[in-house]
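K.L.:
Single-letter residue listing:
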Amino acid sequence: GAVVSQHPSWVICKSGTSVKIECRSLDFQATTMFWYRQFPKQSLMLMATSNEGSKATYEQGVEKDKFLINHASLTLSTLTVTSAHPEDSSFYICSAQTSGRSTYNEQFFGPGTRLTVL
Amino acid sequence: GQQVMQIPQYQHVQEGEDFTTYCNSSTTLSNIQWYKQRPGGHPVFLIQLVKSGEVKKQKRLTFQFGEAKKNSSLHITATQTTDVGTYFCAGQKAAGNKLTFGGGTRVLVKP
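Chains A and B, in that order, are what the protein sequence lines are. Just so we're on the same page, my numbering is the position in the first sequence counted from 1, plus 219. Just so we're on the same page, my numbering is the position in the second sequence counted from 1, plus 2.
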């Protein structure tokens, strides 16, 4: 099946620092990648949609200057949390979608990155 | 905006029993997808329903898409401990568009 990796799997940082999270599709080219945020025992909240080579589309209420998304290639998207604060602590999950991979247009999820801001 | 709601939020099931989780969208959907997230894990795709009234089965799991393409259900028979996890439905208004996830049903199985 299609595999999506995320790095790092967990990170602890000090308040005010920036953290970069990488999302890679390992065995397929992802036309679209999505970034979600998930709080404990809650659902996935879509933050933004990114297409290779173009600017990300952010959901309402998500600050684009705080959550910088770069989709540099068909296999890599990055999310940078700038000037992180404790309220940014969460589980960040990326997913990738590709056309023609299967009958369905499902999303393949990465394992997630747990961010803790002290 | 589009909203997807799931009930129940929690489901405690005795091993061997059946249960159903329901998903309702505020808008008509192009398709609905179901995902399972094990504790500590990430969502894994289970199925996609596209046609009005569609029913699909995967072993002990039966998925149904409503006639109006606004609701869906997942029925699990003879629940096993391996069924533990959170089941999310996710709706798409148009194929290839973003997914809107429901709140999930957290399933706990009592042996």
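Keep in mind that the hints were calculated from the coordinates and are not lab data. These figures come from a predicted structure and were not determined experimentally. Incorrect hints may appear among the rest.
Said to hold, decoys possible - Straight-line C-alpha distance at most 27 Å; calculated DSS-like pairs for lysine-lysine:
no.	chain 1	residue 1	chain 2	residue 2
1	B	LYS53	A	LYS260
2	B	LYS72	A	LYS260
3	B	LYS112	A	LYS233
4	B	LYS95	A	LYS274
5	B	LYS95	A	LYS260
6	B	LYS38	B	LYS100
7	A	LYS285	A	LYS239
8	B	LYS72	A	LYS274
9	B	LYS112	B	LYS95
10	B	LYS112	B	LYS72
11	A	LYS285	B	LYS100
12	B	LYS112	A	LYS260
13	B	LYS100	A	LYS239
Unchecked claim - If you only want the chain A side, here are some residues facing chain B, beta carbon under 10 Å, derived:
no.	residue
14	VAL223
15	GLU278
16	SER309
17	ILE312
We put the beta carbon where it would ideally sit given N, CA and C, even for glycine.
K.L.:
Looking at the structure, which of the earlier hints fail to hold?
P.N.:
1, 3, 8, 9, 10, 16
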